[in-house]
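Colleague: The primary structure of each chain is shown beneath.
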Amino acid sequence: MQASDAKTSHVDDATLWAWQRAELEGAPAHTVQAHLAACLACRERAAHLQQLLTAMQAGHHRVQPTLAQQMQLVRALTEPAPPRSIWVPVSERLVRWLAPAVAVLAVLFLLLRGEPSATSSSTLTEDVIDAPETALFTATTEEQMQQAMLELMLRANEQQP
Amino acid sequence: MRDTDIKKTELPNVSLEPHNSAAAATLSETDLIAGCRAGRPEALAELVKRYQPAVLRICVSLLGSREVDDAVQDIFVKILRRCDRFEGRAALFTWIYEITLNHCRDELRRRKRKRWFSLQALPTAVVDNIPENTRPVSEQIETEELQRRLHREIQQLKPKHRELVVLRDLEGLAYEEIARISGIDVKLVKSRLFEARQILSRKMKAYVEEASHASK
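Protein chains in written order, with this note's numbering: chain A, 1 to 161; chain B, 1 to 216.
Hints were generated in silico from the structure; no laboratory data involved. Treat the hints loosely; a few may be bogus.
Unchecked claim - So, partial list: chain B residues that the calculated Cβ filter (under 7 Å) puts toward chain A:
id, residue
1, Val48
2, Pro53
3, Arg57
4, Gln73
5, Phe76
6, Leu146
7, Gln147
8, Gln156
9, Ser201
By construction, the Cβ of each residue, glycine as well, lies at the ideal position given by its N, Cα and C atoms.
Please put together the full structure from these sequences, using the hints given.
Modeller: Pasting the structure below:
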């Protein structure tokens, strides 16, 4: 019963719970009160629920730290930390932060590996320098020029179907 | 390697001189947190004395008994590391409960990830810390069985429900405080708590019926 009808429907457990905890105010509180006055079954349920709540709270508040636990905690918080290996925090940071970064870099590398000429300026420069066309223009001796021309001819032959 | 061990060196530099605990007991929240910032041992001991019970209770209720001392220690390490950030806009206990709740959420996620999470029986902390009881043995067993069952049922609630039952019905916090701590609005706190109570009372009703059948 969300909004309790004093005579017909019973009060639902959660509403009864709220009433027991004095959380209901105004009309809802009066309705529950009136219903309980008239309904023995709900009064019994209310009494049962009260017992349950008391047991719940008593059980919860019985959990207390012992003096030894208290002293142990204070000691743990005040004593200087034992010497520790530098690798543990390093490895933790690696796992936490560097691993995803490495994964992203690896993916980027794999994606871009298919187009090396577009990405690597140093490779591009080396390719241009090593090209026979360049060698032809930069040759300073006749021997170098002949070598470059030979390479150009060989490459042209390779490219023919 | 636990967070505590890794970060211990980042804690305020606490001196180990003898301290006056009687004077510390009267410290206001502001002085207490200022003392912790300055690394005064009496303030630190007082902080532990005042808030360890609540932090432990919440951890036991939300996480179960396993590794609960470690969780409490980690929470206090976080409190000390963050005490510079405490601005005093909310009460100190609200701030501490918020850190505790967030730590428990993280811990539950960690356990879930590692498939470690399993439902706990009555926490050892409860068993270890039961005060001397003067009630008749049969009644005592009955009550303890009821509490054990209640604890188990609370542990079986979804975390979003469990948190609210713990904060409202066990710790007795106001709705506004719960909203602030759990980062949801008051209306949502109320509706979730309503659901949680319905689930819990339905389960407990089944248990009570079982128990009464068994006793007949």
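Colleague: Give a verdict on every hint.
Modeller: So, going through the hints one by one against the coordinates:
1. Val48: Since chain A brings a Cβ to about 5 Å from Val48/B, closer than 7 Å, the hint holds.
2. Pro53: 6 Å, holds
3. Arg57: With a closest approach of 5 Å, the Arg57/B hint holds.
4. Gln73: 5 Å, holds
5. Phe76: 6 Å, holds
6. Leu146: Holds: closest Cβ of chain A sits about 5 Å from Leu146/B, inside 7 Å.
7. Gln147: Holds. Min distance 3 Å.
8. Gln156: It is violated, given that the least Cβ distance between Gln156/B and chain A is near 14 Å, above 7 Å.
9. Ser201: Holds, because the Cβ-Cβ distance from Ser201/B to chain A comes to roughly 4 Å (cut-off 7 Å).
Of the hints listed earlier, the one the structure fails to meet is number 8.
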